[in-house]
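S.K.: Sequence:
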Amino acid sequence: MDKNIEKMIAVVPSVRQLEWQEMEFYGFLHYGLNTYLGIEWGDGSAPLSILTPEDMDVEQWVVSMKAAEMKGVVMFCKHHDGFCLWDTKTTSYNIMNTPYGKDLLKEVAEACAKYDMKLGLYLSPWDRSHPAYGTESYNDIFIQQLDEILTGYGKAFCVWFDGACGEGENGKKQRYDWQRYYSFIREKQPEAVISIAGPDVRWCGNEAGWHRKQEWSVVPEALKKAECVAELSQQEDNEEFRSKPVNSTMEDLGSRKALEGAGPLAWYPCEVDTSIRPGWFYMEHDDNRVRPLDELLDIYLNTVGANANLILNVPPCKEGYLKKNDVKRMNEIGCFIRDTFSHNLAENAEIHTDSYSEDGHVDALRSQDRDSYWKAAKGKEKAEIELALCREEMVDYCMLMEDIRQSQRIEKFHILCRTEGQWKRVFEGTAVGHKKICRFEPVNTDAVKIVIEESRSCPTLRFVGLYYGYLVPEVKKRSR
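Residue numbers 676 to 1155, in my numbering, belong to the letters of the sequence shown in order.
Just so you know, these hints were derived from the structure itself, not from any lab.
Glycine included, C-beta positions come from ideal geometry on N, C-alpha and C.
Any given hint might turn out to be false.
To be verified - Restricting the straight-line Cα-Cα distance to at most 25 Å, the calculated cross-link-like pairs of lysine to any residue (SDA-like) are:
(1) Lys678 to Glu1129
(2) Lys888 to Gln1097
(3) Lys888 to Tyr857
(4) Lys781 to Lys678
(5) Lys1087 to Gly776
(6) Lys1003 to Ala742
(7) Lys746 to Arg1080
(8) Lys764 to Lys746
Said to hold, decoys possible - Distance ranges between label pairs, derived from CB positions:
(9) Arg850 to Leu1146: 22 to 28 Å
(10) Pro1117 to Glu1033: 36 to 42 Å
(11) Ala685 to Ala742: 37 to 43 Å
(12) Gly776 to Gln1043: 21 to 27 Å
(13) Ala685 to Asp1044: 33 to 39 Å
(14) Phe1016 to Gln819: 42 to 48 Å
(15) Gly827 to Asn772: 41 to 47 Å
(16) Asn772 to Ala941: 40 to 46 Å
(17) Ser724 to Lys781: 19 to 25 Å
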């Protein structure tokens, strides 16, 4: 085997990364003093008296996200203004000293437990109100904050570190002790991934919901440096940053060409973060600017359906609940996912392949079971899998899932559908990874063939599914 290929497929995910990848789609909650100021970045001077929700309904937040088929909620514990939404001993600038006076993180954690949703924790390293920020002692404060949120609210599936900082050249310079933070999280919540400015999950590089044409999880290890994330992150509050696409220099991170001479490699999967509205925090003038359903579904298919996880922000309003337009949109997203992907048309198909190994048989492809898989015979980098349906069916989606425990291997493939005895090519693709949802014009077919043209050593798949539902159009613009 080529040594470069051997090096690439030796890179595999950790157990915590595997568990995170199964989350696929989850919610983000931006709520705090900024909600009442109508801004995105507070400077830490806002009076606590302004936080006066009159109809707080945390359970509605969680139930609405579950209805969208989200599997968890990332709670916003502290933004850049330094305001803490839990009962902290590290600063008086916290929610217990507002008119609301309740531990909001506790309420969200309890709602997540009640409705079987996993809890994630967002904590901004940048802090514009704490007097220790800019000194070595701030690292101690930050560790104390981590200790409070990691030990008092149950199990967390992720800790989300924002890379944004708008201090500028003349602002406070804080030396973050990243390795200390990471070690502390591993000690307190060993199963949680550390995301964005962290070693487990990579930021997509934009906030508009744009995706790469091919998303690889095996990338240069240098991308894991928190300083690299900070350099690419937001340096000032502006709408232009929120709407920009992926940087062209970062378009290809993991192809064979991109990894040539890259040095050490790492499993560093992608997460796409975006908002259901133009901004992250609730603003009344955006009530009629909830993003179109087709755009959000297009984002879903190009993230969850293209080897990335999607975290979608839905901001609570001043009164303390999610507005009806946002709730309606989430219900619509959930309906699409359930209606389209609940019934696998290939579940009872006859499955044949031109190659398989002793430890990986094609029958495994009927189920999304993580412990079984199909694998081509040793030395085979190409393969064909044919699914003969029980009868003709209308099909417009094909779902492929690699067994990423054996790394990410498939580099190029195409899909054929048989109609009236003739094979018709309906889709061409590159990277697969955890999940690839291929969409194409509806076709009436009695058989489907997946042809793997290029792979890093023998390809593997753990699941193949065929579906028919609303065909989401490709949306070329993002409305953020």
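S.K.: Against each hint, give a clear statement of whether it holds in the structure.
M.R.: Status of each hint after checking the structure:
Between Lys678 and Glu1129 the CA atoms are separated by roughly 17 Å; this keeps the pair inside 25 Å, and the hint holds. With a CA separation close to 29 Å, the supplied pair Lys888 and Gln1097 exceeds the 25 Å bound. Between Lys888 and Tyr857 the alpha-carbon distance is near 31 Å, which puts this suggested pair outside the 25 Å criterion. Between Lys781 and Lys678, the direct Cα distance comes to roughly 51 Å. Violation of the 25 Å bound is thereby established for this hinted pair.
A threshold of 25 Å between alpha carbons decides the hint, and for Lys1087 with Gly776 the separation of about 55 Å lies outside it, so the pair is violated. For a cut-off of 25 Å, the pair hint linking Lys1003 to Ala742 stands: about 10 Å separates their Cα positions. Taking the CA atoms of Lys746 and Arg1080, the gap is near 22 Å; set against the 25 Å cutoff, the hint holds. Proximity of Lys764 to Lys746 is assessed by CA-CA distance (about 31 Å); at most 25 Å being required, the pair is judged violated.
At about 51 Å, the CB distance of Arg850 to Leu1146 disagrees with the hint of 22 to 28 Å. Checked against the hint of 36 to 42 Å, the pair Pro1117 and Glu1033 passes, with Cβ atoms roughly 38 Å apart. Judged by the Cβ atoms, the range 37 to 43 Å given for Ala685 and Ala742 holds: they are separated by roughly 41 Å. In this structure, Gly776 and Gln1043 break the distance hint of 21 to 27 Å, their C-beta atoms being roughly 45 Å apart.
Distance hint check for Ala685 and Asp1044: the Cβ-Cβ separation is about 24 Å, which falls outside the suggested range of 33 to 39 Å. The hinted window of 42 to 48 Å between Phe1016 and Gln819 holds, with their beta carbons roughly 43 Å apart. A beta carbon spacing of about 18 Å between Gly827 and Asn772 contradicts the range 41 to 47 Å that was offered as a hint. Between Asn772 and Ala941, the C-beta spacing of about 42 Å keeps the proposed range 40 to 46 Å intact.
The beta-carbon spacing between Ser724 and Lys781, approximately 22 Å, falls within the hinted interval of 19 to 25 Å.
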